[in-house]
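K.L.:
Protein chains in written order, with this note's numbering: chain A, 13 to 189; chain B, 121 to 266.
For the record, the hints were derived by calculation from the structure and aren't laboratory data. Careful, some of the hints might be misleading.
Only part of the chain A face toward chain B is listed, based on derived beta-carbon distances under 8 Å [what the hints assert, rightly or not]:
#1 F23
#2 S45
#3 P46
#4 K113
#5 G139
#6 D144
Where is the CB? At the ideal position from N, CA and C, for every residue including glycine.
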Amino acid sequence: MNRFLLPLGIFGLLVVVLVIGIRHSPEKGIIASPLIGRSAPEFSLPALMQPGGTVSTASFKGRWYLLNVWGTWCGECRNEHAMLLRIKENGAVPLVGLDWKDDDAQAQAWLAQLGNPYESIGADRSGRVAIDYGVYGAPETFLINPQGIVVFKQVGAITEEVWTGQILPRVKGQGSR
Amino acid sequence: MRRTAWALLAGMLLGLPGWALDTTVLPDPALQARYVGLTHELRCMQCQNESIADSPVDLAADLRNQVRDQLLQGKSDQEIRDWMAARYGDFILFRPRYSWGNAWLWGAPVALLLLGAWVAVRVVRQREHLLAADPNPDVVEEDTPR
Chain A
13 MNRFLLPLGI FGLLVVVLVI GIRHSPEKGI IASPLIGRSA PEFSLPALMQ
63 PGGTVSTASF KGRWYLLNVW GTWCGECRNE HAMLLRIKEN GAVPLVGLDW
113 KDDDAQAQAW LAQLGNPYES IGADRSGRVA IDYGVYGAPE TFLINPQGIV
163 VFKQVGAITE EVWTGQILPR VKGQGSR
Chain B
121 MRRTAWALLA GMLLGLPGWA LDTTVLPDPA LQARYVGLTH ELRCMQCQNE
171 SIADSPVDLA ADLRNQVRDQ LLQGKSDQEI RDWMAARYGD FILFRPRYSW
221 GNAWLWGAPV ALLLLGAWVA VRVVRQREHL LAADPNPDVV EEDTPR
């Protein structure tokens, strides 16, 4: 009896480790951002919709906002657009756009055609700011709290489930979660 | 016929350098070597199984430019690796780093080896003990029915 106890115990431990591993493994192909819990990288970019103006992180301090990385070359961004318009309508948290390696005129035409869900949009023509945010595909969205800390990152389009399950509870829950 | 073959071969050889994805040349051969090394050990985040040196996507080119610029600014290899990992996470490093988070992974083989050695020693000791207790182990005692 006793000689089976040790192997059985080790087996049990292995099962527990595997179950925890499977439960906690992020969705396949999605890479955890090292930015979560850290300050959102600062930037100051030309404003897409106001010629001569700038969009900078400093002006968003003190309130929640969603930084949405998009581009007119990005097919999935077109799919996400309707959701972004609903988020704007909802009004719980403003959307700030980061137009990633895009042509300004095309981006403006896109917004004229589909509607503009953004409060302001920075034109990241070189893609340098997107690198600071560790962006590797569009759309990607960062939820940033009033202290300027990144609290959540969505890779891929924001869905209704992500909005109601991940973003809204954090914004409504307040605090520094 | 033969002439055509030679012409074809020459054309292919001449064409080879044109296929190189990354034509960056740094002024100093030592810097160039470090550049080649670093771009081969950083992962292209969009393709994930290619290094940024081998990937044709835009983002890989941008990251190669970052490596080049930072090398020219005099940054060390480690500073550049850390800069990349701070943005894209350890996943961008093809050569994993040692950290408390993955210490168990590095330590597990050693721990298993020690566990195995401990079990082996115990088994051997037990056998020796049995041997000592039985002065005549080669004789197999058998019960015979009466």
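K.L.:
Next, verify each hint and record whether it holds.
P.N.:
Taking the hints in turn, this is what the structure says about them:
1. F23: Because about 14 Å separates A:F23 from the closest Cβ in chain B, which is outside the 8 Å limit, the hint is violated.
2. S45: For A:S45, the interface hint holds, since the closest Cβ of chain B sits about 7 Å away, which is under 8 Å.
3. P46: 5 Å, holds
4. K113: 7 Å, holds
5. G139: Holds, about 5 Å.
6. D144: With a minimum Cβ separation of about 6 Å from chain B (threshold 8 Å), the hint on A:D144 holds.
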